[in-house]
Amino acid sequence: MKRDYSLAEIAAFLEAELHGDGSVRISGLNTLQNAGAGELAFLANPKYSSQLPDSRAEAVILGSEQAKSFSGNCLILDNPYLGYAKISAWFTTASCQGASIHASAVIHASAMIKDDVYIGPHVVIDAGAKIESGCSIEANSFIGGGSVLGENCQIASNVSIYHDVVLGSRVRVHSGAVIGADGFGFAPNGEGGWQKIHQIGGVRIGDDVEIGACTAIDRGALGDTLIGNGVIMDNHVQIAHNAVVGDNTAMAAYSGVAGSAVIGRNCVLGGDACVVGHITICDNVMLTAKTLATKNITQPGSYSSIVTPMMKTADWRKNSVRIGQLDDMAKRLKRVEGDK
Amino acid sequence: MKRDYSLAEIAAFLEAELHGDGSVRISGLNTLQNAGAGELAFLANPKYSSQLPDSRAEAVILGSEQAKSFSGNCLILDNPYLGYAKISAWFTTASCQGASIHASAVIHASAMIKDDVYIGPHVVIDAGAKIESGCSIEANSFIGGGSVLGENCQIASNVSIYHDVVLGSRVRVHSGAVIGADGFGFAPNGEGGWQKIHQIGGVRIGDDVEIGACTAIDRGALGDTLIGNGVIMDNHVQIAHNAVVGDNTAMAAYSGVAGSAVIGRNCVLGGDACVVGHITICDNVMLTAKTLATKNITQPGSYSSIVTPMMKTADWRKNSVRIGQLDDMAKRLKRVEGDK
Amino acid sequence: MKRDYSLAEIAAFLEAELHGDGSVRISGLNTLQNAGAGELAFLANPKYSSQLPDSRAEAVILGSEQAKSFSGNCLILDNPYLGYAKISAWFTTASCQGASIHASAVIHASAMIKDDVYIGPHVVIDAGAKIESGCSIEANSFIGGGSVLGENCQIASNVSIYHDVVLGSRVRVHSGAVIGADGFGFAPNGEGGWQKIHQIGGVRIGDDVEIGACTAIDRGALGDTLIGNGVIMDNHVQIAHNAVVGDNTAMAAYSGVAGSAVIGRNCVLGGDACVVGHITICDNVMLTAKTLATKNITQPGSYSSIVTPMMKTADWRKNSVRIGQLDDMAKRLKRVEGDK
Numbered sequence: 001m002k003r004d005y006s007l008a009e010i011a012a013f014l015e016a017e018l019h020g021d022g023s024v025r026i027s028g029l030n031t032l033q034n035a036g037a038g039e040l041a042f043l044a045n046p047k048y049s050s051q052l053p054d055s056r057a058e059a060v061i062l063g064s065e066q067a068k069s070f071s072g073n074c075l076i077l078d079n080p081y082l083g084y085a086k087i088s089a090w091f092t093t094a095s096c097q098g099a100s101i102h103a104s105a106v107i108h109a110s111a112m113i114k115d116d117v118y119i120g121p122h123v124v125i126d127a128g129a130k131i132e133s134g135c136s137i138e139a140n141s142f143i144g145g146g147s148v149l150g151e152n153c154q155i156a157s158n159v160s161i162y163h164d165v166v167l168g169s170r171v172r173v174h175s176g177a178v179i180g181a182d183g184f185g186f187a188p189n190g191e192g193g194w195q196k197i198h199q200i201g202g203v204r205i206g207d208d209v210e211i212g213a214c215t216a217i218d219r220g221a222l223g224d225t226l227i228g229n230g231v232i233m234d235n236h237v238q239i240a241h242n243a244v245v246g247d248n249t250a251m252a253a254y255s256g257v258a259g260s261a262v263i264g265r266n267c268v269l270g271g272d273a274c275v276v277g278h279i280t281i282c283d284n285v286m287l288t289a290k291t292l293a294t295k296n297i298t299q300p301g302s303y304s305s306i307v308t309p310m311m312k313t314a315d316w317r318k319n320s321v322r323i324g325q326l327d328d329m330a331k332r333l334k335r336v337e338g339d340k
Numbered sequence: 001m002k003r004d005y006s007l008a009e010i011a012a013f014l015e016a017e018l019h020g021d022g023s024v025r026i027s028g029l030n031t032l033q034n035a036g037a038g039e040l041a042f043l044a045n046p047k048y049s050s051q052l053p054d055s056r057a058e059a060v061i062l063g064s065e066q067a068k069s070f071s072g073n074c075l076i077l078d079n080p081y082l083g084y085a086k087i088s089a090w091f092t093t094a095s096c097q098g099a100s101i102h103a104s105a106v107i108h109a110s111a112m113i114k115d116d117v118y119i120g121p122h123v124v125i126d127a128g129a130k131i132e133s134g135c136s137i138e139a140n141s142f143i144g145g146g147s148v149l150g151e152n153c154q155i156a157s158n159v160s161i162y163h164d165v166v167l168g169s170r171v172r173v174h175s176g177a178v179i180g181a182d183g184f185g186f187a188p189n190g191e192g193g194w195q196k197i198h199q200i201g202g203v204r205i206g207d208d209v210e211i212g213a214c215t216a217i218d219r220g221a222l223g224d225t226l227i228g229n230g231v232i233m234d235n236h237v238q239i240a241h242n243a244v245v246g247d248n249t250a251m252a253a254y255s256g257v258a259g260s261a262v263i264g265r266n267c268v269l270g271g272d273a274c275v276v277g278h279i280t281i282c283d284n285v286m287l288t289a290k291t292l293a294t295k296n297i298t299q300p301g302s303y304s305s306i307v308t309p310m311m312k313t314a315d316w317r318k319n320s321v322r323i324g325q326l327d328d329m330a331k332r333l334k335r336v337e338g339d340k
Numbered sequence: 001m002k003r004d005y006s007l008a009e010i011a012a013f014l015e016a017e018l019h020g021d022g023s024v025r026i027s028g029l030n031t032l033q034n035a036g037a038g039e040l041a042f043l044a045n046p047k048y049s050s051q052l053p054d055s056r057a058e059a060v061i062l063g064s065e066q067a068k069s070f071s072g073n074c075l076i077l078d079n080p081y082l083g084y085a086k087i088s089a090w091f092t093t094a095s096c097q098g099a100s101i102h103a104s105a106v107i108h109a110s111a112m113i114k115d116d117v118y119i120g121p122h123v124v125i126d127a128g129a130k131i132e133s134g135c136s137i138e139a140n141s142f143i144g145g146g147s148v149l150g151e152n153c154q155i156a157s158n159v160s161i162y163h164d165v166v167l168g169s170r171v172r173v174h175s176g177a178v179i180g181a182d183g184f185g186f187a188p189n190g191e192g193g194w195q196k197i198h199q200i201g202g203v204r205i206g207d208d209v210e211i212g213a214c215t216a217i218d219r220g221a222l223g224d225t226l227i228g229n230g231v232i233m234d235n236h237v238q239i240a241h242n243a244v245v246g247d248n249t250a251m252a253a254y255s256g257v258a259g260s261a262v263i264g265r266n267c268v269l270g271g272d273a274c275v276v277g278h279i280t281i282c283d284n285v286m287l288t289a290k291t292l293a294t295k296n297i298t299q300p301g302s303y304s305s306i307v308t309p310m311m312k313t314a315d316w317r318k319n320s321v322r323i324g325q326l327d328d329m330a331k332r333l334k335r336v337e338g339d340k
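Residue numbers (this note's numbering), protein chains in the order written: chain A, 1 to 340; chain B, 1 to 340; chain C, 1 to 340.
No wet-lab data here; the hints were simulated from the structure. Hints may be right or wrong, so weigh each one.
It does not matter which identical chain is meant; a pair holds if it fits inside one copy or across any two.
As the list claims (entries may be wrong) - Restricting the straight-line Cα-Cα distance to at most 20 Å, the calculated cross-link-like pairs of lysine to aspartate or glutamate (DMTMM-like) are:
hint, residue 1, residue 2
1, K196, D224
2, K295, D315
3, K196, E151
4, K68, E17
5, K331, D315
6, K47, E65
7, K68, D21
8, K196, D247
9, K196, D78
10, K318, D328
11, K196, D207
Given the structure is predicted, the values throughout are model-derived calculations rather than measurements.
Based on the sequences and whatever the hints tell you, model everything.
Structure, rendered in structure tokens:
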């Protein structure tokens, strides 16, 4: 695959102001500190400005302020980090599979598969599934009956998509992810055990969604689990049945949404942040790492619970045990105040 | 698949009292709010009673109290939710695979496979494994040597079952689940590193167990890891080596049990609730979400740790830092009290 | 497979002092309590000494102190637990696959595969991958283009290894694990959405590493994610892009390392312990279960946060609500003190 461009080509794509020699060839990206000949670096965080003079990068993406004191080849952008993100696609190391269907793939006769797709070895596609143009499905993945992959979806190896799951366009699903497994629905059976509630709903996922490795998105009990456009999910994320995740919300590793909870748009869930079932979180909410959201949030902003300061375990033990005495302490404090 | 029944048929199955027209046809289930023509809804939680008059459901499952003021078709049950759960099986959207073994499956000559099973494409079954009547194993799953699936087990796609794992009857395992991987057993090797302890035990799982997507149940170090009858596990659950989980215990997403811990019967572990190794939890214990159980629990009831009230992050910071001063505060409070 | 040895053979391998009859045959390992005829047990923790007289084990590995009062067959070692760990390899129940490549495996013509490897059914190995001597790759696993498995690696079923991932020698990867998926890298696109940052780096893993089931190790954004020699990871672990984990560090289930964090050597992360991004943890640090490490740690030792004492939920509620009043309480306490 060609991975060698002139700096001028890159400047044009990014609509960046080019200083220096536009004919130099760029064959890779790297950090300011590690970049060498032929590599393009970027300076997004001013705290790394001191690395600029010593960088051996072929060229640097930076802001106009930093550019003033820089004599090397550079691309000037208001948002250098976004520029780096955009150009990263030109240097991906992922092999781009040509359109083909491997002979070992097992595709049901009733599945509808567009011509220009890649379907890898041992992929299995069940009855009535629909794979749109430009999709890529890597080795050993499974697409259940009636499920739909919109245009240009990228499904990595060993992905499991159950029946009646609908993905929009440009959805990327990483290995080990599971979409459409049964929600965790059981009714007490009156005899100490559990009666399974068959999960009749499906999953609908918008466009431009990224789903991390080992992430699980359950199907709805009745009606669908819904993931909006532009949602990004890290690894080990959990989406329970009938949850709703709004457009462009970001979920870090181990973050989870319990059944029927509704998360707004442009929210950020930190690592291991969880939302209990049947509550609503409005748009533009941040939950810091390990927070458990236990009630509706109606005002944008950052919310926290649980996380307490890290300290030496010995100190922690001493303080931690006092938490069990807090109510008593509060009452005693009130009494002492009253006594005066 | 037929999915169209008379209300009278359903009433008979549920042993429900039928009010209205038993000849109406029911082809689906839905919520009170969303149900339309041909759909059966249910009213389990009285707080949704107000939706009853406006529901366009063909019929409703409800309690006798709610039925008094309802003139539509209905099925009266003491426990409408359980009724809904039971009838949900009639409307499952999962395709029921006929008995067949796909030509691409690789089955060791010494494996014993009953006639009426479904084995999907690219399934691999190793030496000496035993698959009982009515089992279904979806695409790309692996069953290790000597493992046993009791009658009517349902194994989804991309499931990994190692060697010498025994499942009872009617066990359902979702995609990405791993049963029988090595427990996390290592001894310090005296030189700063680790000596692996080979995990010689197996896993034994009872009847009517559900195992969620991406859930991992490790094999025992010596002797087996044990999961009782009727246990239900959500996604991302962790069961370490030689743990014991009692009958009908429910484990929500991310809940985990460390090595050799024993969990009683009819317990409920909330999301992310974890139990440390080598302790015992008695029957009928609830651990709320994110609790870390650190010592034996000998009395039934609900236990908590960790979760503190959610608040604005700015407020949290102010309060959280005081946790590190708690021991000091407690001592000062005592001094102030003594001073009087 | 032969699993029957004389006690003398075992003594010689472990360099243990043999008391009793070296000719007895040992065909299995078990605990002191459960061992019977033909089984070797061990006594590592003195608190189980009381089980010694009643044990029906054929022989016992124990320390010299405990041996004094024991008249049965025994192997005396300074570290009986390490002895048990070492000998466990002789009794593994995992079947040792002979060197062979299953006909259904799909191996790219440009992949380099040594002669004495086991490649199971439906394994897929992509262009330019390199599989060294003695490797074993179980059913349905995927090895991406250009990835390298050092000598004697053991890859379980349904493992996903992306392109350009390098494993050292004797790396063991359990089912459902994913190595080399994209790191969670996105830049705000200025329009409320996210611009994906293609993850151009790879993953490099040292020798003698164990990677648990459903564990995810992401590839680097620029440059590699690095896992040292002798690192052991339990199930459901998360390693984000460009993290560095030092030699012999142990990570329990659900522990995670966020992007670009650096963990030292010989650290132990308890279950669910997480490290935020871009910080550094020095060598020999213990993080207790569920701790969130939020800043650099420069001194060896044990650190904690979050975990508070477990109590009845009703008591917890009373105390927990006071955490939101702590800052106020601290100020009032100060005022009361000042008043005197």
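Hints and how they fare:
no. : hint           : result
1   : K196 with D224 : within (18 Å within a copy, 27 Å between copies)
2   : K295 with D315 : between (32 Å within a copy, 17 Å between copies)
3   : K196 with E151 : between (35 Å within a copy, 17 Å between copies)
4   : K68 with E17   : within (13 Å within a copy, 75 Å between copies)
5   : K331 with D315 : between (25 Å within a copy, 15 Å between copies)
6   : K47 with E65   : within (13 Å within a copy, 60 Å between copies)
7   : K68 with D21   : within (16 Å within a copy, 82 Å between copies)
8   : K196 with D247 : between (32 Å within a copy, 15 Å between copies)
9   : K196 with D78  : between (55 Å within a copy, 18 Å between copies)
10  : K318 with D328 : both (17 Å within a copy, 9 Å between copies)
11  : K196 with D207 : between (32 Å within a copy, 13 Å between copies)
In terms of the numbered hints stated before, the structure departs from none.
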